[in-house]
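Participant: Here is what each chain is made of, one letter per residue.
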Amino acid sequence: MAEPRVMDIKDQPGFRTIAVICLLVLYVPVLILMIFSLNSGSLVTHWEGVTLGWYGSAFLNEEFHAAARNTLIISVTATIVSTICATLAAIGMTRVKPWRGLAAAFMVINLPLMVPEIITAVATLSFFALIAGTLGLNFGIGNLILAHTVFCIPFAYMPIRARLEDMDLTLEYAAADLYATPWNAFRRITLPLLVPGIMSGAALAFIVSFDDFTITQLVAGPGQTTLPLYIWNQIRRPMTPEINAISTILLMVSILFVSVSFLIARRRAK
Amino acid sequence: MGIAFENQVAAPQLPSRPAYGDNQTGTHLPERAGSLNGVIVPEQPGKNAIEVRGVRKVFGTGENQVAALDTVSVSIRENEFFTLLGPSGCGKTTLLRLIAGFDFPTAGEILLHGQDIAPLPPFKRPVNTVFQSYALFPHMTVAQNIGFGLEMLGKPKAEIEARVAQMLKLVKMEALKARRTSEISGGQQQRVALARALAPQPKVLLLDEPLSALDYKLRKEMQIELKRLQHETGITFIFVTHDQEEALTMSDRIAVMSAGKILQVGTPRDIYDRPAERFVADFIGETNFLPGTVVSKQAGVATVIFANNATISAGYPEGFDPTGEVTLVVRPEHADLVPDPAKGTITGTLSNIVYFGTDTHYHVKLDGGGENFIVRHQNSRSSPVTYATGAKVGIQFEEDAARVLKD
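Chains as they are written, first to last, in this note's numbering: chain S, 1 to 270; chain A, 271 to 677.
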């Protein structure tokens, strides 16, 4: 009789209970938030009936529109720029002869993941204040785009690097053997096979930028309110379920984005 | 411009070869040395396809230096099925990678039809590789994989399509041309890898243990298939393997390698019947080693005396002068048992009899001591004598059975 080598986790005592508690703690608040976005009353704690009215008023809300526009401009630009930087960095660190400072470069790229976000936020604020004070430069919304791009890079970098390291190097040798110049080998072999990694990297970067609060709060100037900032401002006033509706829309955008990139990645990986 | 490449493949030795690789357009412009989309076209098709001259390859730096290849020189002829044979770590794959251009030699030259290609990157060498792992491009179809090399050479689309169709036919994969490479079996992937490497009609095809991932039956089939492809295309094949049987059955010539050196180059028969060194004799086939002392020599044949005062004539490698105590090598099938010990050149006691179906191995514990001597006997319906373990026997040698080893 062969012993099963891996224990079935479902047989562990208390596994079910702990799992159920975790799932409840994680998802019940979100679920309640979504349910109350349909509340016909004007309180977020007292249920009265079903309506889609709060979604209607959210869609007509000019401030929400402005915040959504800012968020999209910042997130999309930061995602594109940071994904390009991350892709180049990952290639430069996996597809070249090992160079002095490679380990240091790896550390530097990933440092933002370890530095507490509030520190990064204060540092970024001081940095922009400094260049505004000494050089008289202010990039407007560019400040936020720049800040987001920087902290998105390590998130985009991770899955791209992982994909590059998993890739069979022999494929690139085979391309070179079949007369592909380094550029052609990259364009025809490495890049197409890297697409799933780039997609996940971009999706991560987008999500991180899309819901960033701490850094945005400190760096944002007047008229640069993003969706998380807008929601934050709203809950300091008497709250209506419109906030629930807006939050639900945000959540849906995130879920949609992650699902699409996941599906694309899975299809490409086949 | 795509013509020079193909014309020169048609080798001078075999003018009657089938029309494989003939240019479809029918224009045969005399093309001089130059380049095709950056890939060099060698000037003078000489006798040797590849000449490796004094190539050294050192990995690592300082104290961690390891010489993967220790000043290797070898010439590989045109249209030859040449095998690099040796155990893992002997440097055979390193040599192949140097010829392909994936690595560059620390010292020495690699000539392709007389032109030094050692400093060239792989994409400028008219040499293609079949990888051990096949390395098919997973995001492309079978046909796209096969056409990739031609596409990179900048060949016109019509020519690529025609050649791909031709290659699909050559490896009998027409029906699966639109499949992804992940949707075909290992044996089929092997064929696609071959077709892909042959499609650009390289001067030399490099094969890095291409059959090692296949099961026994498929491997036997592919061995025959490879020989056929080599004959039909007339391309020089350089084949790397650690499987001595594969090397013996497929090769025109074999280079036996060990510890970064080439020990012996020769036909399979040379290597098997006339091994020069103990390693070669030991690595290829089963072998008996016997100690003896040279008493005289004449015209490449030495007379060697054993401890029991029996003598035997044995050839020795060219350029080697055997004196004093030497080691003789005798293949198990080149010796015979005799029931009467007095009639044997050497004598011993039968210690073990192993039945193999086609033949029987008799292990003899020699009276002089040392390793057991193995005699192989082909089984037949009318074996005249049967032996039992413990019996005293004599061992006779066929003429020319013994060879003096260099070390």
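These aren't lab readings, by the way, just hints derived from the structure by calculation. If you're wondering where the values come from, they're calculated on a predicted model, not measured in any experiment. Accuracy of the hints is not assured; some may be wrong.
What the hints assert, rightly or not - A few chain A residues that don't get close to chain S, going by computed Cβ distances all over 10 Å:
1. K394
2. R466
3. P561
4. D637
As the list claims (entries may be wrong) - If we take Cβ atoms under 8 Å as the criterion, some of the chain A residues that face chain S in the derived model are:
5. A388
6. P391
7. N398
8. H409
9. T411
10. Y657
To be verified - In silico DSSO-like cross-links for lysine-lysine, where the CA-CA straight-line distance does not exceed 30 Å:
11. A:K676 <-> A:K567
12. A:K497 <-> A:K567
13. S:K97 <-> A:K487
14. A:K442 <-> A:K487
15. S:K97 <-> A:K490
For each residue, glycine too, the CB sits at the ideal point set by N, CA and C.
Participant: Hint by hint, where does the structure go against what was stated? Just the numbers, ascending.
Facilitator: 1, 2, 5, 9, 10, 12, 13, 15
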